[in-house]
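Number of protein chains: 2
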Amino acid sequence: MSASYRYLPALLWASGALALFPDCVNGPLKNETICDTSASPLDRARSLVALYTLEEKINATGSTAPGVPRLGVPPYEWWSEGLHGIAGPFTNFSDEGDYSYSTSFPQPILMGAAFDDQLITDVATVIATEARAFNNANRTGLDFWTPNINPFRDPRWGRGQETPGEDPYHLSSYVHALINGLQGNSLDPYKRVVATCKHFAGYDIENWNGNFRYQFDAQVSQQDLVEYYLPPFQSCARDSNVGAFMCSYNAVNGVPTCADPYLLQTILREHWGWTNEEQWVTSDCDAVQNVFLPHQWSPNREQAAADSLIAGTDVNCGTYMPDHLPAAFAQGLVNESIIDQALIRQYSSLVRLGWFDPPENQPYRQLDFSAVATNASQALAYKAAVEGIVLLKNDGVLPLSLDSSTSLGLFGDWANATENLLGNYYGVPTYLHSPLWAAQQLNIAIQYAQGPGGQGDPTTGSWLSIWPAADASDVIVYVGGVDNSVEEEGNDRVSLTWTGAQLDVIGQLAGLGKPMVVVQMGGGQIDSSPIVNNPNISALLWGGYPGQDGGVAIMDILTGKAAPAGRLPTTQYPASYINEVPMTDMSLRPSANNPGRTYKWYNGTAIFEFGSGLHYTNFSASITSKLQQSYAISDLMQSCNTTYLDRCPFASVQVEVTNDGKTTSDYVTLGFLAGSFGPQPYPKKSLVSYQRLFAIKGGSSKTATLNLTLGSLSRVDEKGNKVLHPGDYSLLIDNGPLVSVNLTLTGSEAMLDKWPQPPANRTRKGVSGFSDYFVGGYGSDQVPM
Amino acid sequence: MSASYRYLPALLWASGALALFPDCVNGPLKNETICDTSASPLDRARSLVALYTLEEKINATGSTAPGVPRLGVPPYEWWSEGLHGIAGPFTNFSDEGDYSYSTSFPQPILMGAAFDDQLITDVATVIATEARAFNNANRTGLDFWTPNINPFRDPRWGRGQETPGEDPYHLSSYVHALINGLQGNSLDPYKRVVATCKHFAGYDIENWNGNFRYQFDAQVSQQDLVEYYLPPFQSCARDSNVGAFMCSYNAVNGVPTCADPYLLQTILREHWGWTNEEQWVTSDCDAVQNVFLPHQWSPNREQAAADSLIAGTDVNCGTYMPDHLPAAFAQGLVNESIIDQALIRQYSSLVRLGWFDPPENQPYRQLDFSAVATNASQALAYKAAVEGIVLLKNDGVLPLSLDSSTSLGLFGDWANATENLLGNYYGVPTYLHSPLWAAQQLNIAIQYAQGPGGQGDPTTGSWLSIWPAADASDVIVYVGGVDNSVEEEGNDRVSLTWTGAQLDVIGQLAGLGKPMVVVQMGGGQIDSSPIVNNPNISALLWGGYPGQDGGVAIMDILTGKAAPAGRLPTTQYPASYINEVPMTDMSLRPSANNPGRTYKWYNGTAIFEFGSGLHYTNFSASITSKLQQSYAISDLMQSCNTTYLDRCPFASVQVEVTNDGKTTSDYVTLGFLAGSFGPQPYPKKSLVSYQRLFAIKGGSSKTATLNLTLGSLSRVDEKGNKVLHPGDYSLLIDNGPLVSVNLTLTGSEAMLDKWPQPPANRTRKGVSGFSDYFVGGYGSDQVPM
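Chains as they are written, first to last, in our numbering: chain A, 1 to 785; chain B, 786 to 1570.
Please keep in mind that the hints were generated in silico from the structure rather than gathered at the bench. As the structure is a prediction and not an experimental result, all values here were calculated from the model. Some hints could be false.
Where chain A lies over chain B, by a calculated footprint (3+ residues, C-beta under 8 Å) [said to hold, decoys possible]: (1) 1075–1087; (2) 1309–1317.
Derived, one-sided and incomplete: chain B residues facing chain A with beta-carbon distance under 8 Å [stated by the list, open to error]: (3) N994; (4) Y999; (5) Q1000; (6) S1280; (7) G1285; (8) A1360; (9) I1363; (10) D1557.
Just so you know, even glycine gets a beta-carbon here, dropped at the ideal spot from N, CA and C.
Just chain A, with the same shape it has in the complex:
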């Protein structure tokens, strides 16, 4: 999405036209197949599109579709948002009373840290249910441009907070759970809402040193594409039946994604079997324009519109297709069958959402505001925050022992955070409970002083009120870090450090010699080594963007009302990391100018590894399943006969987890594979399964089941093929690990997925007079030293 909220006033202008329904009872269409509920969605959509003139078809390609008044087809706004609650420029909250708020969950980066797929399905179900209630009140759409499921490749990425983390398996599992919740059961006659997997593909730079997302050409090997950038999208399309995709601003290997038939047709639709006509692709806003300038893929505007439509972009966020397709048709650049196909996809999707059907038979159409912000939803928002928060350091001071005589000092920018709790893409939350608010419910004395604001500014002049407050405190909690002033849409971070001002203040507070806890907030990790290494700082938590009840979740963990069990969903790199690799270098594997990316490949020492997270107790684990020491690949393949061989089961591994301490606690069971198999270099390890266990009491055990598939064991070769290899494998439980088991695969390698190769000779046409103009955008090799 573009920096959308900037345009809110202009865009809301059109919002009165939202979510009206066609009149299939008395309207002009009543006798057409589109209104025949017994016909297939495809036939129904075809019948409607057949009634349109070319001009009406072209008008329908923009995201704010005007409809066709003569046919009784109302306007429809395709752009709604639902990243962690309904949101976005076209969602219309009322000023007060009903529909003036909804449930606002934590940002995905914190929900990812919960490693709890059921939680994600539950959250998504609430979001979609609330969306339906708002839609019934004509306040939002039926399709939502969520999730952002690009892997969080580089810690600088300003939108990494919108994703569940850096690991492709984790994201694939998370997004499957999410889509199930958003869309409902795919066998149901009506979809709850349509989800949109974005940004397809290779989009994870906002603006690195002049490499703007609108012009960046991501140079990605087929191996990295299949192994890292595409798995979440494969999960969406192939394994989760998602209703929509969004192509991205950037180009991949020279081709803007919205004009790339290799991505949109060969991979997405053909290779992944995403061929149901009710599935459509929208462009990011206004990515079709960028196909002309600055990408210069197409030499003029009408060709850019035509190239995008032909490649498989069915909806254009913005107005570029409606503006320039008339000229494209006039010049014969595109056939009417292509635009028909786009519209058939759009209307098939709306049929599956019940847009043309009588409301009486649609349970979703009965929902009203009583379904919004229910007690259960509020509890779920709290639960999501608690589950995600990660304990990174604890010398034993946590949980805090507070009694009525304790004076608790609460400092830092985030101590009284309000909107900051929500990150970005948020609607109106039910409430905003800051850490300060939560502390004030504890019936103890609170010493509070505001932080300085301004991530980039070193001035501590405005911190003065801290010192008397700190002197009066028995225990000090500092809540700070980063926020959307330094990581946001359009802006990548340029530093992984705490600001000098914050570290100065934290150091002075620590110098007081009192029990002291630091809570590191924000989506991207900061190098917290100065806090880890300071012996006067007792504990460190990471709190992400914890949503409407985030302050309560933090205080409950600090005070022991809840036990922390979240795990870092990204690597916490040392601050120097970003000086070792340009953000534009898309390679995962280490090389001369790249120390490697993610826990799989980074060859330095992380401050905190992916998956890090302490508890208020200790856990041990044992693998109780019997695994063979050796497996013949031929046997594995023989018993595998599904369409997609990587999905064939390999083993269900039972892991018994014992709480060896006293405090009841959840435990996230992480299963990694490591070993020597497939093409070198080998990753250090790879996450292949996870399960969160709940409320394990001290001295008792629970069992996790880690389901491994043939895909879990596979490696991707340089051409993108997924192959099973003979070799030595270790299944590791948790970082450390707590326990591991070895096994061997024998025999000859076997192909699990043969990857379609990109066509040759794809070069941009260029635009007259612009040859070297947008210099920032053509790959990291051209970025300066």
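We have chain A already, so just place chain B on it with the hints.
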């Protein structure tokens, strides 16, 4: 200054305490020497400081000085701003009526383009006069933290707009004229106001890829320091008697400037003779803190405060000295004589401003709001804008021939600009006349459509209203470019291009085949080659940030009511330039990873050279002075016997300039020296003198006098010594040049200025646990890629 306006609400809290005066008639001080107007400022200041306790002295080191109530010394706020009109967080405009506005001039980058020193003195006189009126009403201070006189070294610099340009001679001459206006005649008993030359030194990066200004260590050779970074400051201190300096956030060659006795004592005070005790140095806000973190020059807070005070920082913008000097004194890190010296400098300065004196005898104390925003001041603001605007392309369509039947189309973000006209550091202008407002005064039909806003965003959806307006236009004027959304304090630019969206729209407008003019706005240059190369675009102007009457100035030039004669004060580089050199590379001369900086050294082809600027007529020139073909260096030196040998006159060169066309026009006479003399490599050429001639009628001539000194002929060696060399010299008039004359210097080289060398063994102490933490800041060699 820090990103100050963000803190406006917090800071204004203190503003009620501004500008009270000590009571020397009835107050406790009435019999002390400080109140004796017959005593010297130094003796008066000494007598006051002698009355202070150590605690009172320490309290006086912060910029918001609380005063000493028991002595009747009122609070004084050292921080006022006056970059192009009174401004800043502590200047208090009333809501309406008197003191609710003042005169807002163009940004210095546009006033620099006028190359008119008298204009600068006149503007500065107005600013200081209005400041005095506001001070008399207790609404601003008496010292102003202006000018920003760091050379505009790299086109990315977000604050380059605050400077007059890239050339050190130009800046030196400009700042001399400015200080004369701000401070008044140095022989007068009272100063008009005190000016503050900032940021000393080597400060011209906000944030390049994580190299924050607060932590950046500028690695500068002594040659570049003397030749490029310091001349404007030498002009301030040695040649213009400026009242104050500001040390900067960054370090130079390892030492944070506010803690650097080599810069603050050896160079500034000793070498440049800035030893009058009424002259003081303030830190940038909160640069003293940065000496601790992130610079880690001093190992703890109290040492940072002590090191800064001892080095010669007399005022601490912020609170770090008041906060941490008590501990520094307790630990014996600093002697009381040092703080006495700082306070004596402060109070001597206030004595010279009349702070302790009876108002009756002070003309400046009689000024009231009738001196603010006078008709003459408004006319001067208009004149400054007209003089600075630069014509870069014209196929003859300019000046526009408009009659009552013409329909003028006015498009782009800047077409109806309001605050954008002012740039940054602005107060409340008398009015804001946008290009649209100015066009509406013309009694012609205006077609206007707003641009999209958002420099980084490519969306043209919000541009829709342009097309019918463009169709209805006979002539199209597009006013756009960059603004403070991409170049601002705290943010350097990451691109030198027009946005794809603007170029798309400009291209579509040009495609209509109507007379079309583009006005490029903003302080930093953008690569306008797509506009230059588009044959359908008739003309290109650069308008900078033209201030309160900027729209009228632009329209008057477009319509021929005024004739353009401004010259680019910076090089317009191709967009690829910033990919060829890291911003952190401070070297001016070309090398393997640096194509060279400024017109003197850049080895590529500029889109527009420094000094570029067309007219509505043509000029020719002849050098009418008789110059010798050859000069003996020994003769030149023999007749030179001032303290500063570089100031000895060499020649006054008369240049007769003839207007060969019909349109009356100003002409900026630029004198460059080129040739083979001194150390290699040789610069392409160097500006050594300039004079603007006014209103030269068609067919007539006027004569400019270019005064050259021995310094004009000198070169700087690797140790920073300024030396006169035998060799061949060419004096070139204008780019082109229009005319030139050659001469030779013979004999042995002669030293004009022997440069003091920095002490050896200056290394930061570091802070425990932080060794490699702030990795962005340690020089360009450590920047990745």
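Now the hints, each set against the structure:
1. Judged by the Cβ-Cβ criterion of 8 Å, the stretch 1075–1087 of chain B is covered by chain A as claimed, because 5 of its residues qualify and three suffice.
2. Judged by the Cβ-Cβ criterion of 8 Å, the stretch 1309–1317 of chain B is covered by chain A as claimed, because 3 of its residues qualify and three suffice.
3. At its closest, the beta carbon of N994 (chain B) sits 5 Å from a beta carbon of chain A; the interface hint therefore holds under the 8 Å criterion.
4. Interface hint status for Y999 (chain B): upheld, as the beta-carbon distance to the closest one in chain A is roughly 5 Å, under 8 Å.
5. Taken as an interface hint, Q1000 (chain B) checks out: its beta carbon lies about 7 Å from the nearest beta carbon of chain A, inside 8 Å.
6. At a threshold of 8 Å, the smallest CB-CB gap from S1280 (chain B) to chain A is about 4 Å, leaving the interface hint in force.
7. Given the 8 Å rule on beta carbons, the hint for G1285 (chain B) holds: about 4 Å separates it from the nearest Cβ of chain A.
8. Here the hint on A1360 (chain B) is kept, as its CB sits about 5 Å from the closest CB of chain A, short of 8 Å.
9. Among the interface hints, the one on I1363 (chain B) holds; its C-beta lies about 7 Å from the nearest C-beta in chain A, closer than the 8 Å criterion.
10. At a threshold of 8 Å, the smallest CB-CB gap from D1557 (chain B) to chain A is about 6 Å, leaving the interface hint in force.
Violated hints for the displayed structure: none, as all numbered hints are satisfied.
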